[in-house]
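Engineer: Listed below, chain by chain, are the residues.
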Amino acid sequence: MSNFLGSRARVLPSSAVGLLVALFATCAATLPAGAAGGNVALVAYSTPKPAFAALISAFAKTSSGTGVSFSQSYGPSGTQATDVASGLPADVVNFSLSSDMDKVVKAGLVSPSWDSGPTKGMVTDSIVSFVVRKGNPKHITSWADLVKSGVKVITPNPFSSGSAKWNLMAAYGAQLAQGKSQTAATSYLSDLFKHVVAQPSSASNALQTFLSGQGDVLLDYEDDALYAQRQGEPISIVTPPQTILIENPIAVTTKAADPAAAKAFVAFLLTPAGQKIWGQQGYRPVLASVAKQFSFPKPEKLFTIESLGGWTKVNGSFFDPETGKVAKIEAGLGVSTSSG
Amino acid sequence: MPRRIRRMAARLAGPGLAVTYLSLLVLLPLAAVLSSAFSSGPGAFWQAVSQPEAVAALRLTLLCSLAVAAVNSVLGLVIAWMLVRDDFPGIKVVGALIDLPFALPTIVAGLTLLSLYGPNSPFGVNVAGTPAGILLALAFVTLPFAVRSVQPVLAELDRETEEAAATLGASPAGVVRRVVLPSIAPALLAGAGLAFARAVGEFGSVVLISGNLPFHTEVASSWIYSLSQSGDLSAAAAVSVVLVLIALFVLVGIGLVRRRFGVAESV
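In order, the protein sequences belong to chains A and B. My numbering puts the first residue of the first sequence at 1, with every later residue one more than the last. My numbering puts the first residue of the second sequence at 1001, with every later residue one more than the last.
Keep in mind that the hints were calculated from the coordinates and are not lab data. Values in this document were obtained by computation on a predicted structure and should not be read as measured data. Mixed in with the good hints there might be a few duds.
Label-pair distances were calculated between CB atoms; the ranges are [unchecked claim]: (1) B:L1022 x A:P118: 53 to 63 Å; (2) B:F1102 x A:G75: 17 to 27 Å; (3) A:G213 x B:P1052: 24 to 34 Å.
Computed list of chain B residues with no C-beta within reach of chain A, every gap over 10 Å [claimed, not checked]: (4) L1027; (5) P1052; (6) A1070; (7) D1099; (8) L1111; (9) E1218; (10) V1250.
For glycine and all other residues, C-beta sits at the position ideal for the given N, C-alpha and C.
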C-alpha cells in the first residue's frame, strides 16, 4: 500500500505522456486519412477555393456525385505539390502551373500521360491582368505605363509564388509580342523591378498588400481580381493588350483511395455544367462551347508559356534563385540601390 | 527485488523521458537541418549563405532583432513594473492581455498591423514597406517574452531593501540602479534573449507589413521561404543554420553576462 502511494508521484509524468499521446492521436485522426467509400481528398492551390465550394455542391447533386464526401486542402501551388510528392494524401490535385504537376509525376503519384486528354490536362484558363484603383486614376492601360515615373507596382516574390512567375513571363512575353528583342524584353523586366515597391510572399498576400493602399498596380490572375471585385473591393481590372494565357492543370493521382469517385469529380469539372460554374467564378472555361457564353475581354495578343520555351526551360533560365535572369536583375538592383 | 528494479526504472523514467522528448522535438530536427544544409557540400553551403540577397536579409534580420530585443526589454520592464507595483481598476485585464500576441495567428497580426499602420492608417502612421514596419511587427510578437520574464522577479523583489536604501539616502534613480536592476538583470537578459531568438525566426507577422522587397525589407525567414518554394531546400537549410547560429551566439553571450551578474550578486 505504502509502496503504491510512494510511487504515485512517479506515475504522474507517465500518465501525462499518455494524455499527450492520446491528444496527438486525436489530432492525427482528424487529418484526411485514406477514408473508405466515396471520399475524395482534393489538394489544390489557393485561388480556386471559392470556386471549388460551388463546384462540389453542384457535383453532389449529380448522380455520380451523390454521397461523395470531400476533404480539401488549399495552399501555395509549389508547397502543395511538394507536400503531395512527399506524402500528403491526395486523390485529385490541381495546381497553378504544370511544372508543379511535374513534381508529382516525378514522385510517381500522377501518370506521365496526365496531359493527354482533350483539354491537355487543363481544367481552367485565366490571364495575367492589371489590378488598379477604382476608376484607374493613373490611366494604366499598357505594359509601358507600368514603368512610367511615379508608378508603383506590386507583384508577389517570384521565388516563392507561382503567380509571380506568370506575371513576369507575361511582362517578358508582352515585349516579344510587341516585336522587341529578348535583350530588350529582359531590360524591360529590369525597369519593371525598379517600380516594384513590394514583393509579398504569395498572390493572396499581394492582394492584401494592394488593398491596404500600397502601390498603383497589382499584377494578378484575372480570376483572383474578379473574385476581389465580386467581394466589393474598390478596384478596376485592366486587360493588358498583350498577355499570357494561364493554364491550370488537374489530375487524379495513382494512389486515389476511391479512383471512381475521383475520376467522376474531375470528369464533372470538365462537363459543360462544371465549366459554366468555373466561368461564373471568374475562370475562363477550357471548353470553347462554354467559353462562348461568357464575355471575357480579348487581349490583342495572347501567348502561351510554351511559346516562351515551356516551364521547365523558363524555371531554369529565369527563376533559379542563384543563376536565373530574375535573380540577377534583383541582385543588380539591390546592390546599386541599397546603401546599407 | 522487483521493487528495487521498479524504483530504479522509475528513477530513470524522468530523465529518460526528458532526453527522448528533447531529442525528438529539438535535437533531431536541428540535426536534420544541419545535414540538409551540407548535403551538397561545404562549397554549396558557402555559396548559399554568401549570396548577396541572403547576406542582405540576414543583416536586416540581425539588426532588427537586436533593436527590438533592446527596446522591448526596456518597455517590457516598464510594463511589468506597472503590473506589479501599480493598482488601478482594470489592471488585471491589462495583465491578461499581455499574452495575447502569442495567441493571435501571426498572419492575422500582420494583416491587423498593416491596416492600422499601413497606407490607410486611421492615425496617419504609415510604416508599410519600411524597416520600421518590421520593427513594429517584431515588437508586437516578442513583447510577452520581455514582460513575462521580469514580472515574477519584480513581484518577488524585497521592498524593504529598497526602502532601506532610500532611508540611507539613495535617490530613487540610485535605488533602481543599485538595488532593483542588479536583482532583475538576469531575468531581463533572459527575456531579451527569448525576444531576440523569436524575432530572428519570425515570418508570418512580418511579411505583409514589410513589403518583402529583396535587399530592402526582406527578412531572412522570408528569403528562406522563397528558397524552399523554389525547390532549393539545401540552400534554405544553409541560411537557416546561419540564423540558428546567430541566435545561439547571442543566447550564449547573454548567458555569460547573466553569469557575471550572478557572481557579482554573491560577492
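Engineer: None of the hints should be skipped; say for each whether it holds.
Structural biologist: Against the structure, the hints come out as follows:
1. B:L1022 x A:P118: 53 to 63 Å: holds (56 Å)
2. B:F1102 x A:G75: 17 to 27 Å: Hint holds: Cβ distance 24 Å, inside 17 to 27 Å.
3. A:G213 x B:P1052: 24 to 34 Å: holds (31 Å)
4. L1027: holds (18 Å)
5. P1052: violated (5 Å)
6. A1070: Consistent with the label, A1070 (chain B) stays out of reach of chain A, its closest Cβ about 19 Å off (over 10 Å).
7. D1099: Per Cβ check, D1099 (chain B) is outside 10 Å of chain A; nearest 21 Å; holds.
8. L1111: violated (6 Å)
9. E1218: For E1218 (chain B), whose nearest Cβ neighbour in chain A is about 8 Å away, the distance does not exceed 10 Å, so it is violated.
10. V1250: It holds; V1250 (chain B) is separated from chain A by about 21 Å at its closest Cβ, greater than 10 Å.
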